[in-house]
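Quick note: my numbering has the sequence shown finishing at residue 441, numbered continuously throughout.
Bear in mind the hints are in silico, worked out from the structure with no lab data behind them. Predicted, not measured: the structure shown is a model, and the values here were computed from it. Incorrect hints may appear among the rest.
The following label-pair restraints were derived from C-beta to C-beta distances [to be verified]:
#  : residue 1 : residue 2 : range
1  : 332       : 161       : 27 to 35 Å
2  : 187       : 314       : 51 to 59 Å
3  : 249       : 197       : 26 to 34 Å
4  : 179       : 370       : 38 to 46 Å
5  : 186       : 62        : 53 to 61 Å
6  : 259       : 101       : 50 to 58 Å
7  : 155       : 63        : 26 to 34 Å
8  : 12        : 159       : 43 to 51 Å
9  : 109       : 140       : 27 to 35 Å
10 : 158       : 101       : 38 to 46 Å
11 : 243       : 314       : 42 to 50 Å
12 : 86        : 258       : 46 to 54 Å
Below, simulated DSS-like cross-link-like pairs (lysine-lysine); rule was C-alpha separation at most 30 Å, straight line [to be verified]:
#  : residue 1 : residue 2
13 : 84        : 141
14 : 148       : 86
15 : 157       : 356
16 : 245       : 356
17 : 203       : 109
18 : 173       : 255
19 : 110       : 325
20 : 314       : 245
21 : 255       : 157
22 : 173       : 84
23 : 97        : 110
24 : 325       : 203
25 : 117       : 245
26 : 166       : 141
27 : 86        : 404
28 : 110       : 305
29 : 97        : 109
30 : 430       : 91
31 : 404       : 356
32 : 166       : 305
33 : 332       : 147
34 : 91        : 298
35 : 151       : 243
36 : 49        : 173
37 : 84        : 356
38 : 117       : 49
39 : 147       : 255
For each residue, glycine too, the CB sits at the ideal point set by N, CA and C.
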Amino acid sequence: MDYLLQISIGPVQDFISAARRTRDLWSGSTMLSEIAKSVALSVKNNGGKLIFPATDSDDDLKQNSELSVANVILAEFENADCGKPKDVSDKALSAAKERLNLYADNVWKKMSDWIVKSRWDDQLNDIIEFYSAWVPIVDGKYFEARKKVAKLLAARKNIRNFQANKCEEFVPKSSLDGLRESVLIRNLTEEDLAGLPDGVQLKPKESLDAIGLIKRVPDNTNKEDKSFASVIKVALNSWERGKGKRFMGDPVFRKRYNELLRDDNSVIEDIEWQLGKEFSAHIPEAPYLAFLCADGDKMGEALSKMQSADDHRKFSQELSSFALKARNVIIKNHGSCVYTGGDDVMAFLPLDTVLKCARELHDLFDEIMGHYEASLSVGVSIAHAMEDLAQLLQYGRDAEKIAKGTDRNGLAISVRSRGNIPFTVREQWKDKTESEKLAEK
């Protein structure tokens with residue numbers, strides 16, 4: 001008998017949404033993707049024929065590969081007995097925990113003197129939400145099996161296990177989302193922070209749970225770990241490439257500048273004061289940046305037309321191709337890529353490149369996925385670099401919803417000056433004019 005197995009991994013809130021710094025956001029997205037890749041590779045190594053993600057090479061599923069994977073895994077098993085999917089699911093869960101433990105071990109080696117071991121272990125054992133469901137593919141009817149397994153998985157998630165929370169009295173909650181207790185032995189002082197390993201990003205009196213702390217400790221195995229820019233650095237990127245070019249050519253200035261702009265909570269007035277009056281005369285008075293959110297349209301409709309696993313696998317491969325190329329589009333436009341997985345894109349970009357980047361992403365999606373009659377809606381939120389990060393994210397998501405509208409395939413731009421309500425414009429994407437095509441050549 002052939003079987004279809006679907007797995008869902010979470011929690012998305014803890015890994016992605018709980019963030020006070022851009023690095024929290026990037027690190028959480030990366031961590032969830034890495035765990036999903038480990039699950040997918042485990043399923044494949046144990047006889048599963050991957051449908052989502054579908055990759056050209058096993059190297060795409062290896063640790064710290066460029067591919068980002070969504071938190072849903074789908075695979076088929078040919079000529080398997082009824083116990084095979086259960087066995088594979090159990091091994092996939094073990095693989096997810098092993099990948100999380102690699103992150104945890106990296107932190108423990110550097111921060112063990114500052115961590116309450118019992119609390120740390122309890123949270124790591126409880127953090128991963130792993131759900132799976134499987135159904136037989138009767139008479140080769142893949143489409144019916146896929147609908148059924150999706151419904152079963154949704155039902156399983158709705159009746160999830162509620163384990164007793166091992167909360168402790170008089171222990172501060174995480175500063176990121178307030179859900180779990182801090183794993184730190186105490187709120188650290190300025191003096192404590194000075195003695196922490198290089199690259200650990202903590203602020204005085206900040207409380208962090210296990211996942212929050214993992215986000216703040218650099219992962220030396222990932223080459224991108226130290227390169228993720230703060231919001232203030234993204235906002236000043238156009239200055240670096242323009243009026244600030246002569247300043248950035250000075251190694252001493254560049255080193256000091258980069259040190260000051262590492263922190264998302266950097267205050268522009270402090271930066272100006274520390275870098276001198278000459279710098280202050282040229283820096284933008286109001287550093288704004290853009291947060292871009294993009295999502296595919298009519299993807300469900302496209303999937304509903306697929307009657308075989310091979311059709312779905314081809315669709316998945318093309319989505320992976322878009323995700324990899326989208327990442328390069330963002331980098332080319334001087335952006336900081338938070339996440340590109342499937343048809344989802346999140347990135348911070350400077351103002352002078354964000355519209356060009358949005359257009360290139362839309363056209364790239366149309367080139368790869370357009371034959372499915374799918375399109376890409378893009379929301380762009382422009383806000384001050386000193387806005388709360390959670391608000392920046394929400395503004396971007398709101399713009400994406402507006403972009404989708406009732407007729408999809410849209411671009412929405414929402415501009416919010418500090419302390420004011422947003423001004424939003426929305427239009428559908430149009431084909432490029434001949435003059436625009438000539439200008440690109």
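Verification of the hints:
no.	hint	result
1	332 / 161: 27 to 35 Å	violated (45 Å)
2	187 / 314: 51 to 59 Å	holds (53 Å)
3	249 / 197: 26 to 34 Å	holds (31 Å)
4	179 / 370: 38 to 46 Å	holds (41 Å)
5	186 / 62: 53 to 61 Å	violated (39 Å)
6	259 / 101: 50 to 58 Å	violated (33 Å)
7	155 / 63: 26 to 34 Å	holds (33 Å)
8	12 / 159: 43 to 51 Å	violated (19 Å)
9	109 / 140: 27 to 35 Å	violated (51 Å)
10	158 / 101: 38 to 46 Å	violated (29 Å)
11	243 / 314: 42 to 50 Å	holds (48 Å)
12	86 / 258: 46 to 54 Å	holds (51 Å)
13	84 / 141	holds (20 Å)
14	148 / 86	holds (17 Å)
15	157 / 356	violated (40 Å)
16	245 / 356	holds (22 Å)
17	203 / 109	holds (20 Å)
18	173 / 255	violated (35 Å)
19	110 / 325	violated (35 Å)
20	314 / 245	violated (45 Å)
21	255 / 157	violated (49 Å)
22	173 / 84	violated (41 Å)
23	97 / 110	holds (20 Å)
24	325 / 203	violated (36 Å)
25	117 / 245	violated (48 Å)
26	166 / 141	violated (46 Å)
27	86 / 404	violated (39 Å)
28	110 / 305	violated (51 Å)
29	97 / 109	holds (18 Å)
30	430 / 91	violated (48 Å)
31	404 / 356	holds (19 Å)
32	166 / 305	violated (47 Å)
33	332 / 147	violated (39 Å)
34	91 / 298	violated (34 Å)
35	151 / 243	violated (56 Å)
36	49 / 173	violated (42 Å)
37	84 / 356	violated (49 Å)
38	117 / 49	violated (39 Å)
39	147 / 255	violated (55 Å)
When the structure is compared with the earlier hints, violations turn up for hints 1, 5, 6, 8, 9, 10, 15, 18, 19, 20, 21, 22, 24, 25, 26, 27, 28, 30, 32, 33, 34, 35, 36, 37, 38, 39 and for no others.
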